[in-house]
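Could you slot chains B and C onto chain A? The hints should help.
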Amino acid sequence: MTISTRLNALWEYANPRKFLATTERVLPVLWLLTAVTLIGGLVWGFFFTPDDFRQGSTVKIIYVHVPSAFLATSAWFMMLVTSLVWLIRRHHVSALASRAAAPIGAVMTMIALITGAIWGQPMWGTWWEWDPRLTSFLVLFLFYLGYIALWEAIEDPDTAADLTSVLCLVGSVFAVLSRYAVYFWNQGLHQGASVLRAGAVTGADTTEKVSNVYAYPLLLSMVGFFLLFVALVFYRTGTEIRARRIKALLARERVNG
Amino acid sequence: MIALLKRDLVLALRAGGGFGLGLAFFLIVTVLVPFSVGPQSALLASIAPGVLWLGALLACLLSLDRLLALDWEDGTLDLLATAPLPLESVVTIKALAHWLTTGLPLVLAAPVLGVLLNLPGPGFLWLVVSLALGTPALSVIGTFGAALTVGLKRGGLLLSLLVLPLYMPTLIYGAEVARRGAEGMTLATPLMMLAGISAAVIALLPFASAAVLRVNLR
Amino acid sequence: MTLTVTDLAIARGGVPVIEGLSFALEPGRALILRGPNGAGKTTLLRTLAGLQPPLSGRIEGAEDRIAYAGHSDGLKPTLSVTENLRFWASVFGGRDIGPALTAFHLDDLADRHAGNLSAGQKRRLGLSRLLVTGRPIWMLDEPTVSLDREAVAMFAAAVRAHLGQGGSALIATHIDLGLEGEVLDVGPYKARPSLDSDFDGGFL
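Heads up: the protein sequence lines correspond to chains A, B and C, in order. Numbering follows UniProt numbering, with no gaps: position 104 of the first sequence is 104. Numbering follows UniProt numbering, with no gaps: position 155 of the second sequence is 155. Numbering follows UniProt numbering, with no gaps: position 45 of the third sequence is 45.
The shape of chain A in the complex, shown without the other chains (with noise of 0.2 Å):
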């Protein structure tokens, strides 16, 4: 099978019963290899790990704060790419997704935040610092609310989805430009994104690298929150179908009646 004819056999998936019907048999195997690896990952790393010989216990917050960061920035990116979808193929799943993304993003961004703050507070001795890091955060936090208020404020589904798909393209490149001025206006505290450098986990990298006692059960919690994501976004894009479904079948009652 060539490339092009394999990406033609994805566009399956934005007919909605096709997406419906696959969601539903894929969606119980990945709620629990979501459940194992999560759990897996948490229990490892909260309990079979030693305590950093500066951070003490501290350090173990990285198994939740870094996942949810990640993810933060992946649903949104995941949105930017629905939203495009829609505006060049309208493919109505597709604008359902970016709609069922949101939120859960929004959620990540903030637990992203809390937990920044909450490790922040014994490793810098306050709870906020207008630290680059944090500060990107708390903006991307802001662009997921008004997303979200706009796509509720709207009635008519497809102006909705055209209106925030717009919004999302517009507001993506605006969020690169306000981190690169975050950045400018303050150079922080933070340490740099050490988890993903290549480096990082064979141990060949710099003194700020993620040790691997450390760096094995953060992988297998990212992979956790991963899943989890997507098992919620299916989930979530799956109530959205059927939502839709339901306006439109009393749509088609009322032309009828």
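One should not assume that every hint holds.
[Unchecked claim] One-sided and incomplete, this derived list gives chain B residues near chain C with beta-carbon spacing under 8 Å:
id : residue
1  : Arg14
2  : Asn118
3  : Pro120
4  : Gly184
5  : Met185
[Said to hold, decoys possible] Computed list of chain A residues with no C-beta within reach of chain B, every gap over 10 Å:
id : residue
6  : Leu32
7  : Ile39
8  : Gly40
9  : Trp44
10 : Thr49
11 : Ser57
12 : Thr58
13 : Val81
14 : Ile114
15 : Gln121
16 : Trp124
17 : Leu145
18 : Ala153
19 : Arg244
[Claimed, not checked] Pair ranges (Cβ atoms, derived):
id : chain 1 : residue 1 : chain 2 : residue 2 : range
20 : C       : Thr2      : B       : Ala132    : 39 to 45 Å
21 : B       : Ala199    : C       : Asp96     : 38 to 44 Å
22 : B       : Pro86     : C       : Val15     : 29 to 35 Å
23 : B       : Gly38     : A       : Ser57     : 17 to 23 Å
24 : A       : Phe47     : B       : Val31     : 37 to 43 Å
Since the hints were derived computationally from the structure, they do not count as laboratory data. All C-beta atoms, glycine included, are put in the ideal place defined by N, C-alpha and C.
Then chains B and C, alone, in the frame of chain A:
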């Protein structure tokens, strides 16, 4: 196009609110600041550039919900959409009219309000320069927000929620230019970033504004 | 040039209202749209004017040739009658507004603010806008609302003059304007929801 600009300016003048309201708001916010933080002149001097930028930004925001809503309610937008004028130029002209009636008066009034807040001498020039460069971007971004929310009944609050995060980069660089100017530091980098954001926003965002306006007119 | 509509289907708020509509509007002709409330007359006019896309079907000869007049007239209360009209004239290429004022007996009101006009006078001003657009196809949605009998006659005369100059008009109205034009009843084209339609992206 000039006819549309002329009409919008005349409307702003006759309706009264256009020039006056934003300016009055700017003045009141500036006057309230010393009441809230105390009258120490050193403190006021150090926060003056930021406060003046924030005041100008909020004053810009104030008139946004009327920018397109009036033309929407009386059917003018429908008629303009069927006119030979592309909607991209319509929204650009609207933004320009908004800047001329709101942004420009704020730029001109800012030095006077700077005196009230004890802005250091070298800061005046850079405050005006930064506002002159930044407020056009605020008007264009605001027009995008107004186009997004034009069909909504309670669009005003939502408009603020959508527009304020988009204002962030402009505010950061603009206030930074004004602050560094007041403290006599080098300010080439934020100045160029501010000018770049304004230029890019003016060039590109009208396409997005026209697109969402078309969706809303459907 | 003739306005040709072929197998048009249109939707209001995502629900199809008219389907399978075909007609042709030749220069010098008027077409009166009839149909019960909610039949989709306004939606049809808005679609033809290019304000919303059709669900399917073809519209030919409409691009940049339509002067649309909807329920609201786009008048600014703080501008005078002349200023309002001159604005639209310059948007549509700067025609003289004199004939338009005369045709709708607005000369005496020329310097009045539009906000001080009565509903009927406002409507006359809104309709006089059609004359300054210079567009050949008029699309009018209930143009005679709040007009008295005299003003209706004024309006009918303006339409007749427009047709005489080779223009055409599509008018949704319930009043007999005394125009010699065909009547198009959109009732029979009411969209029939069917199980196999792929409306709403196959949600059904």
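A quick look at each hint next to the structure:
no.: 1; hint: Arg14; result: holds (4 Å)
no.: 2; hint: Asn118; result: violated (41 Å)
no.: 3; hint: Pro120; result: violated (43 Å)
no.: 4; hint: Gly184; result: violated (47 Å)
no.: 5; hint: Met185; result: violated (47 Å)
no.: 6; hint: Leu32; result: holds (38 Å)
no.: 7; hint: Ile39; result: holds (36 Å)
no.: 8; hint: Gly40; result: holds (37 Å)
no.: 9; hint: Trp44; result: holds (38 Å)
no.: 10; hint: Thr49; result: holds (38 Å)
no.: 11; hint: Ser57; result: holds (36 Å)
no.: 12; hint: Thr58; result: holds (31 Å)
no.: 13; hint: Val81; result: holds (18 Å)
no.: 14; hint: Ile114; result: holds (20 Å)
no.: 15; hint: Gln121; result: holds (26 Å)
no.: 16; hint: Trp124; result: holds (22 Å)
no.: 17; hint: Leu145; result: violated (6 Å)
no.: 18; hint: Ala153; result: violated (5 Å)
no.: 19; hint: Arg244; result: holds (18 Å)
no.: 20; hint: C:Thr2 - B:Ala132: 39 to 45 Å; result: violated (54 Å)
no.: 21; hint: B:Ala199 - C:Asp96: 38 to 44 Å; result: holds (40 Å)
no.: 22; hint: B:Pro86 - C:Val15: 29 to 35 Å; result: holds (30 Å)
no.: 23; hint: B:Gly38 - A:Ser57: 17 to 23 Å; result: violated (43 Å)
no.: 24; hint: A:Phe47 - B:Val31: 37 to 43 Å; result: violated (58 Å)
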